[in-house]
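Let's have the full structure, built from the sequences with the hints guiding it.
Chains as they are written, first to last, in the numbering used here: chain A, 1 to 121; chain B, 1001 to 1108.
Simulated from the structure, these hints should not be mistaken for lab results. All values reported here derive from a predicted model rather than from experimental measurement. Just so you know, not all the hints are guaranteed correct.
[Stated by the list, open to error] Here chain B is said to cover these stretches of chain A; the calculated rule only asks that three of the stretch's residues, wherever they fall, bring their Cβ under 8 Å from a Cβ of chain B:
hint, stretch
1, 23-33
2, 55-65
3, 102-116
[Claimed, not checked] With a straight-line Cα cutoff of 20 Å, these simulated EDC-like cross-link-like pairs (lysine to aspartate or glutamate) come out:
hint, chain 1, residue 1, chain 2, residue 2
4, B, Lys1045, A, Glu46
5, B, Lys1039, A, Glu46
6, B, Lys1045, A, Asp109
Positions of the beta carbon are idealized from the N, C-alpha and C atoms, including for glycine.
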Amino acid sequence: QVQLVEFGGGVVQPGRSLRLSCAASGFTFRSNAMHWVRQAPGKGLEWVAVIWYDGSDEYYADSVKGRFTISRDNSKSTLYLQMDSLRAEDTAVYFCVRDHSSNWPYSLDNWGQGTRVTVSS
Amino acid sequence: DIQMTQSPSSLSASVGDRVTITCRASQSISSSLNWYQQKSGKAPKLLIYAASTLHSGVPSRFSGSGSGTDFTLTITGLQPEDFATYYCQQTYRTPPLTFGGGTKVEIK
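Okay, here's the thing in structure tokens:
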């Protein structure tokens, strides 16, 4: 069965960096686009970024553009999110999510359990 | 960006009730609309994709309809395990993907 396990969350000061990882198993990782979606405490879902199946293209929400970088290593079946210049408003649970599609988003059909990021001094 | 508006934001219902949740897009999105269920403290799960297609393993009491700007998620015969928050999400000419604000279904 599909498994997505996120790592790397924690407490970080404003302006610092953090890298999240997501280990995928149970499917052919290199065949699917992958997303990061976040959820601030008590709030709804916010899409963060997507990367194509082969890493050839990536897109970001305006709220993180220029600060976050999504990447993937298909040889390791791992997705990453490099988060720089973190702000208090980046505090959220971050979910690693598989898309049914290989590129243009279609449906988010499998979600990890999430990893919590808290940005606070 | 396309804005998604869900209504109501919350509702109270009893086991066995028929529940309807509405999602409206700020412009036509054809049938590029998905529905997700999220239980407290858990990750969301895909229920319906392409407006009306049931995801694998989802009970048939869930159904979706609509196209263009107006969409509906219906639960026919609400079960105790259905109490959760439901989100719509569009994938029309994305990115960016956008979610509705959510509808919390509570026990009456």
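Hints and how they fare:
Only residues whose C-beta sits within less than 8 Å of a C-beta in chain B count toward coverage, and the stretch 23-33 of chain A has 0 of them, not enough to reach three; the restraint is violated. A count of 4 residues in the stretch 55-65 of chain A with a Cβ less than 8 Å from any Cβ of chain B is obtained; the coverage claim is therefore met, three being the minimum. Given a C-beta distance limit of less than 8 Å, the hint that chain B covers the stretch 102-116 of chain A holds, as 11 residues qualify and 3 suffice. A C-alpha spacing of about 15 Å is found between B:Lys1045 and A:Glu46, which places the hinted pair at or below 20 Å, so the restraint holds.
For a cut-off of 20 Å, the pair hint linking B:Lys1039 to A:Glu46 stands: about 17 Å separates their Cα positions. For the proposed pair B:Lys1045 and A:Asp109, the alpha carbon gap of about 7 Å is at most 20 Å, so the pair holds.
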